[in-house]
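Protein chains in written order, with this note's numbering: chain A, 1 to 347; chain B, 1001 to 1322.
The hints are simulated quantities; they were obtained by calculation from the structure and are not laboratory data.
One side of the interface only, derived from the structure: several residues of chain B facing chain A at Cβ under 7 angstroms:
id : residue
1  : F1109
2  : T1110
3  : D1205
4  : N1206
5  : A1233
6  : L1245
7  : S1247
8  : V1251
9  : P1276
10 : V1280
Residues from chain B shown here face chain A by an in silico Cβ test under 10 angstroms; the list is partial:
id : residue
11 : Q1094
12 : Y1208
13 : A1253
14 : T1271
15 : W1278
Cβ atoms here follow ideal geometry from the backbone N, Cα and C, with glycine treated the same way.
The residues making up each chain are set out below.
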Amino acid sequence: MTEGSTRTEARTTRLGWAAFAAGIVSVVVAAAVGATVGAAGLDVSGVARAMVDALPGVTLDAGLSEVETSILFEIRLPRVVLGAMVGAVLAVAGASYQGVFRNALADPYLLGVAAGAGLGATIALAVAESPALLAPFAFVGGMAAVGITYALGRSVGGRSATSLILAGVAVAAFATAIQAYLLQRESDTLREVYVWILGRLVTAGWREVWQLLPYALIATAVMFGSRRLLDVLSIGDDEAGALGVDVGRVRAVVVIAATLATAAAVSVSGLIGFVGIIVPHTVRLLFGWSYRSIVPLSMLFGAAFLMMADVAARTLVSPAELPIGVVTAFFGAPFFLLVLRTMRGPT
Amino acid sequence: MKRSTRLLVGLMVVAACGTGGGSPTTVTEDPAATTTRAPSTTAVGETFPVTVEGDNGPVTIEAMPEAIVSLSSTATEMLFAIGAGPQVVAVDDQSNHPEQAPVTDLSGFTPNVEAILSYEPDLVVVGFEPGGFVEALAAADIPVIFYDAATALDDTYDQIEGLGVATGHLEEAIAVNETVQSGIEAAVADAPDIPEGTDYYHEVDNTYFTATSTTFIGQIYSMFGLENIADPADEDGSSSGYPQLSSEYIVAADPDLIFLANSFYGESPETVAQRPGWDVLTAVREGNVVGLNSDIVSRWGPRVVEFAESISDALASHVSQS
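With the sequences and hints as input, model every part of the structure.
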């Protein structure tokens, strides 16, 4: 290795640590803002003291009433935590999909998980008329859709990425068609399904957090473990194969992990768009092109971004709510264009 | 179970569009009849042709209709209440009341003009206009009355009276309106006195969509002196009176009473108590979470009396505890 490349590596590492520090700071700031603002207008110092009081071994009178304590710990905090988890999972899954398909437009919904989960949610709300079945049905629907996409893709095109993506397009269109048909038949549940499609953290509680946690942990661990392989894949299927990487296997493992996490996330939060595509790209533009850093940084900035988007969703028209999927796109798109322009502008 | 009018409310929320034009007024050849509500002395059938003002403009009906198609569950209830039931040949798939209504698979939400024409109607009543639909029927020379979702109780009276004129049942329509009016007044009179500032939350769905005091629903609660916790959420009317509230706001507001308009959709006092953070609510602890009949509460027809009565009952049980 030459002296020059060593120096470049050292600089990359320094940039890497700075980027991680920025990511962690943004997560902490977003979480703090998320915990202190809200429609109930809780006293900020009371919130801070209640949080310290909640630490093991610390007793402190927060001065919050029983109702205020309940609002903070049962309604607001789980929503902040769930927002962070969903944002992290969607951003990491998006980064992984982009790597594994070498496609800048790939997002976690590429292989039909959104359409499948949407169909599952519609069946739960419109046909079974049971809100309790929403999460399990959405999860199963999302996983089933990607499973069918995979089976179809392999049957027509072996291990080619293109045939997989095309199969995903077909499966998504099919699932969406059935969903539209069911909604037309049971039109009185239209709004509930629509709310879910635009993303809903409004009903979040700790139960949703615990539901998502195992999938988020396992899937994120797998995607973290695969991030060096994603760098190898970036040179092309054949070239990666020549280096001894089983491309089809890597793709399958990453897709399964990303799908598991995405399906679990959308089953508790609805379809929150844009996070999975914009966060990894912003990270890539700002901090470099190696998946070794894109994957963990996407996790941090995805969590921070969705927490802040949710703050906007629940405060801009307080005490009413905005759909979070609208907020992510409304603020995310101009921000992304700004980053794109700044980074690619004067060259 | 089929419930369609909830959809209309839902669509208004979803599309965030306005609630249609001005309140419909009836135009008859004897305007005194509408203002005094005096029994008409003219024999039924002699008054045609008549012109009725719908939310789609004036509609002229040449002769007494004998084949009415109703694509609105509220209009169906009104038609049967005023005695026009025997003239109704088909109602849409959401019209589940009264029992004798001739339910078909016609959809009021995605109406199919050909399917409607196959019933050879001489009057069609719709509660939703998806765009171009009324014109398409009008092109077939069939009178169509479009009655949008009520924005006030007066719309209920106007629509019932309008249907009375259109179907040759004005007398009965006036009588129904009097019954509705006196029924609501009786429900309000029967309700116990409640402390100043007694407030409520009316839940439209389990994502905390609600109705403010400006809506038809909210106006009925207001008659009982109840205050609506949702009013600050739609002060400018940008949500057409149907905003989505934050969970923490509802808990912080701690309403005295919670009314569930979604009790046909899997929600009950038990499920409300299980929501994160809601167990501390006064209404939950004191058993003042009230499941309402989702059909009745989402329609603005003659059964609005039953809605008022269930509020009255809820207040009676609320007051008897304290």
